[in-house]
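Undergrad: Residues per chain are reported as follows:
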Amino acid sequence: MKYKISHTTRYQYGEPASISHNELYLTPRNTPSQRCLDRSITLLPKPSVLSQRVDYFGNTVTSTTIQEQHNVMEITAESQILLTPLLQPIPEQTQPWENVINTVWQHTTQEDLEAFQFIFASPMIPVGKQYAEWAQDIFLPGAPVLKAAMELTGKIFKEFKYDPQATTTTTPVETAFDIKRGVCQDFAHIQIACLRSLGLPARYISGYLHTLPPPGKPKLIGSDASHAWLAIYIPGSGWVDLDPTNNVIPTDQHLTLAWGRDYSDVTPVKGTVLGGGQHQLSVAVDVNQIPASATG
Amino acid sequence: MEEESTGVKHVFPENPAITNLCSDLFTPDGKAAPHWQVLITYLNSLGSQELERRWQKARQIMHEHGAVYNIFSEKQEHARPWELDPVPFPLPAETWEFLEKGIKQRTRLLTSIYADIYGPQKLIRNSHLPPELFFANPRFLRQCQGLYSGETPQLHFHATDLCRFPDGRWRILSDQTQSPSGAGYALENRIILSRILPRMFHSGKVMRLAPFFKLFTHAFMEISGMEKREPNIVMLSSGPSSPTYFEHVFLSRYLGFTLVESSDLTVRNDSVYLKTLGGLHPVDVILRRIEDSFCDPLVFGNSSLMGISGLVQAVRSGNVAVSNPLGSGILETPGLIPFLPGLCRLILGEELLIEDLPTSWCGQPEPLNRVLTRINDSNNPVIIASAFAMPHIPAVNTKNLATEKLNSLALKIKAAPYAYVSREPMKPCSLPVWDKGALTFSHATIRMFSTAITTPGSGTALESSPSAPFTSQPSSPPESSMQQASLPQSNMQQSSLPQSSMQQPSLQQSNMQQASLPQSNMQQASLPQSSMQQPSLQQSSMQQASLHQSNMQQPSLSASKVHISLSPDKKIAVMPGALTKISSDPDTFLLNAGKEQGSKDTWCFSNDTVEYKSMMHHFTENLEIHRGSDLPSRVADNMLWLGRYVERTEGMLRVIRSVLSRLNSESRLDIIEEFPFLLRIMANLEIISSGLSGSDAGYNMKIIETEILDSMFSTQRAGSIKTSLQNVQRVAASVRDRLSNDSWHILGRMENDLTQFSPHRHNQISEAQELVNEMILTISAFAGLALESMTRGMGWRFMDMGRRLERAGHMITLLQSLFSSRGIPKNQEFEALLEVADSTITYHNRYRTTFQMEPIVDLLLLDELNPRAVGFQMASLFDHVETLPRSTPRPFRSTEEKITLNLTTRLRLTDIKELMSMTQEGNIPGLTEMLEFMKKGIQELGNQITQHYLSRIETEKQLRNSFAVSRSATSFILDTSGKTDHEV
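Here the protein sequences come in this chain order: A and B. Reminder that position 12 of the first sequence reads as 12 in UniProt numbering, one-by-one numbering, no gaps. Reminder that position 580 of the second sequence reads as 580 in UniProt numbering, one-by-one numbering, no gaps.
Note that these hints are calculated values from the structure, not bench results. None of these values were measured; they are calculated from a predicted model. It is possible that part of the hints are untrue.
Over the 10 Å line for every Cβ pair with chain A, so calculated as not near, a few chain B residues [as the list claims (entries may be wrong)]:
(1) Arg-195
(2) Ser-317
(3) Asn-397
(4) Ile-824
Now the stretches of chain B that chain A is said to cover, found in silico as 3 or more residues with beta-carbon under 8 Å [as the list claims (entries may be wrong)]:
(5) 136–145
(6) 263–274
Every residue gets a Cβ at the ideal spot worked out from N, C-alpha and C, and that includes glycine.
Using the sequences plus the hints, can you model the full thing?
TA: Pasting the structure below:
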């Protein structure tokens, strides 16, 4: 399956801004199931500095500096992605979750060692008793790890209310967990907090979701969304994605941008500005499937 | 004088029963150790009283230098003076040589570990270091991975805290690898001591500190292969709020680096620039005095005001060098300590020369169990600390904890054992300390400093590092501390415990551990599991344990060797001296609790004669002549405000003095003709509330007294003298590196006055008047000295501009207060005006005793010779704005020039008779309009200067992170037609 993505972030300033430094995690990474065919990042006004590098987690990060005076900054990232869904392990047949902890703590393979760093608390995700206890009725002794993890995904989907007004990007996990409300970022953080508090390796994924309009209505431009979900590591099988916002295992509609320990590692657009006064932020995302005929 | 009549009283008692306190002071046969003997003889020859006298002098000098540990702490109103003990800590030549060797080795070792952790991570991949020490460590900054692609970045400023213990061994307590403080204080201590005990230094056996700092400066000049002859090196400070700001100022001056704060720097085109009045100047090297995570708000996401957005990218681009390298805080991780002996053998092929305070990392099963057992053993207390030196987990001694606390500590450790270390409680040796005229004893640590240098310098403290790993053992150190390589290790060797004992303690306590965290989970889970799983669990813990044990015991047999070599030409220099810190409470050092009580100079004796070098010795190269006119914008702004605050305070004091002298007179207030006028000035200057002036209350002695005292002492009032003085101090502190020592001395006096400023002590109006007199003298002296001792550069200009702007405004307020009522003012009012305007003598010289409006207004408004007149201020301001730097040569005058020219011309063209012509109603419309015009013009001029030259001070702020769409979209529909494929 082939997708075309367009993601525009626009900052409108109340007063002229003179210099703006930005770090962008807007370039889709290649994964076992996804290949990034084409990518571009455009800034308005034209940046004086634009450089890319690969970060600690293997994501492509773009650093830019705009040095001319501006009232509006617009960042547009466009890409084409070829998605080839992988076969997922059968949840009931995965190893007991305790074995995962065990294997990762031994970290004898390179993959295990890499996963090992995703069991600890990170800047935005604490670990603690309350998260582990909340998941304890699912993670019974010997429970197959993926089956339990999916049940946890379902539990978050069921018990949490999707409410964009309840939280912001900086709302602590503790708060979202208490009020049982939030958006995809909060849900991903909460499930990661639960898994890590149990001792399991889990990472945060930033990306997009391909959505379809309600039956009979045309798809609106800019109606798609930045999305966030998570992945759990199962030794031998690798990382398996989980989306607690939609209660699914992502396959062919989740497009990965970047992953890290939490949102702070892979914030799509972050920056600082000199001047500018108050600013307004607007984001528009379009994810469109390219018909098979066009893929040639 | 007295001492001669009373005879000399020995400083050191003849037969002190102190051998057990200070093993170093006496040799086993009861004689004073040779390195102490010199000192004892000398100090005894001085005698107690003379030493006390000199010590008082030392305190005086330090006070004048402004040596304080904290200038503006949040809690204390006043800074804590830096305490120096007059009895130094002498280190014999053998000890110094041993410590020097040990510190050099340590710097090399830590540098290698840094290079690997932020580079290939071989130490982790090959299991020489447990990964959780980094993966779970908030000090491990993943953004710094691969930051330095080329050469291994060096630790240019490494500090090590050491203690000598009663067994005679030196042990290391901790390392400071980000931005260590203390070297400046050590230097200050030496300067003071060489002034009060000069003869000791003439003997030529005490090693000098100056050569080390020379090497240090050289190292900075050569960092990152910059080939500039004069690289622009700045010292990045967190500002006057830092507890060690005195040192930032002192060291930056001594080293010749520009002292800057975050807001002085900006990143453009991936390069760092200093914002100056003349524009942006490139910066080559930053010696930082702020921690890793505060350096770049963009990358490290710290929301504080500190840091330079884009700095990390500039470092990555190789356009600026930051020292110590970013991320070096990882080396301060206490969890690394138990691994250092093994790593030293592995990487450097040497035994670790100086051992650490015995430390175990709880991330390994055996130390964990041992610690958990010891927590409940009240006879064998232990120190528990954060393995990552996290400030929110302070080190505690279990002997100080109640059972409840101990239990909760045990739970916390079991929940995340890798986050804790245990350390052995040990009491460091004591040293003799001079306290109130007699010797007592206090515990001591020393902080030693080292720097990586690139080319061989002339200093004595030089030694090349081995060029290849696994070199043969270096010549044995002079002290026997090598025999026992490290305590934690030997403990581990003894206790190759059977499998069961590793799990038992946790199983027994499993009802206590509620947290389902890694370790506990494993064990809980294993209980109901089938027997098939149990072995694998046990095996895993065993493997984990044996993994590290084997590495530590026999690194050379390890299958995978790690080769991390330093460039062969890298050398380390160690400062031949140290900052000795003393405290009567040993917990101060081990727990970072309690209070440090002071410091000592540390003397490293040399077997050779030390060449005499001045402390203020300068480099032999010819310096290029600078007539610097460029000033960081922030400094210019502070200078402007310093000028303003000083002038404002002085003006207020003069008015208050005039009012006080009338309150102190025998006349009733209502018959003092000029009193309403004085009250009007006070109200217009917002010293008192405007309601008082012109009402009956204005004649009530009690009310006026209260109001005046309040206007002096209240810290609640924006316009009080106390507040104004605090403003002066605050601003002066932030430009401290630009003010002469003498000005500082006076500022210190002002602080004294300020402390005495208490309404309870000065409730008498007469006493208040004396105080105001003193204050006027002090503040005039400060203003005069600050301006007089400064080069006529931009700093001086901005300070003087502030002063002139404020004085012009003040004079206009005075004149407006006088002419606000109709008719010709009374003679007494004229006299009072001349008094507060400090122009009485000039007037009487010119006009004798006749008071008339025209000559008075001429003298105070138009005159360009009277330094108090508005005309004089405008002429000076005109001179200043003409010389302000311009980014481009322009044919037209700048706005500030136009304003000044306009105001000056207006004054010069004024006909005094015309200006003062009075209407029948008794108004003087010409003057009223003129004063209003001048007032507005001066305000505008102030704004214009700020806008033009100082607006660069604004700092960057963070943008809102983008993730908005999923919040604005009310719902979205997921296509679930292609449901998850399962493996079939």
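Undergrad: Please confirm whether B/Ser-317 is truly not at the interface, meaning its C-beta sits more than 10 Å away from all C-beta atoms of chain A.
TA: B/Ser-317 not clear of chain A: closest Cβ-Cβ about 8 Å, inside 10 Å.
Undergrad: Taking 10 Å as the cut and beta carbons as the points, is B/Asn-397 off the interface with chain A?
TA: At roughly 26 Å from the nearest Cβ of chain A, B/Asn-397 sits farther out than 10 Å, so the non-interface label holds.
Undergrad: Are there at least three residues in the stretch 263–274 of chain B whose beta carbon sits under 8 Å from a beta carbon of chain A?
TA: holds (count 5)
Undergrad: Quick check: do three or more residues in the stretch 136–145 of chain B have a beta carbon closer than 8 Å to a beta carbon of chain A?
TA: holds (count 5)
Undergrad: Taking the shortest Cβ-to-Cβ distance between B/Ile-824 and chain A, state whether it exceeds 10 Å.
TA: Its Cβ never comes within 10 Å of chain A, the nearest being 51 Å, so this holds.
Undergrad: Using Cβ atoms and 10 Å as the threshold, tell me whether B/Arg-195 really stays out of contact range of chain A.
TA: Non-interface label on B/Arg-195 holds, nearest chain A Cβ at 47 Å vs cutoff 10 Å.
In this structure, the one hint that does not hold is number 2.
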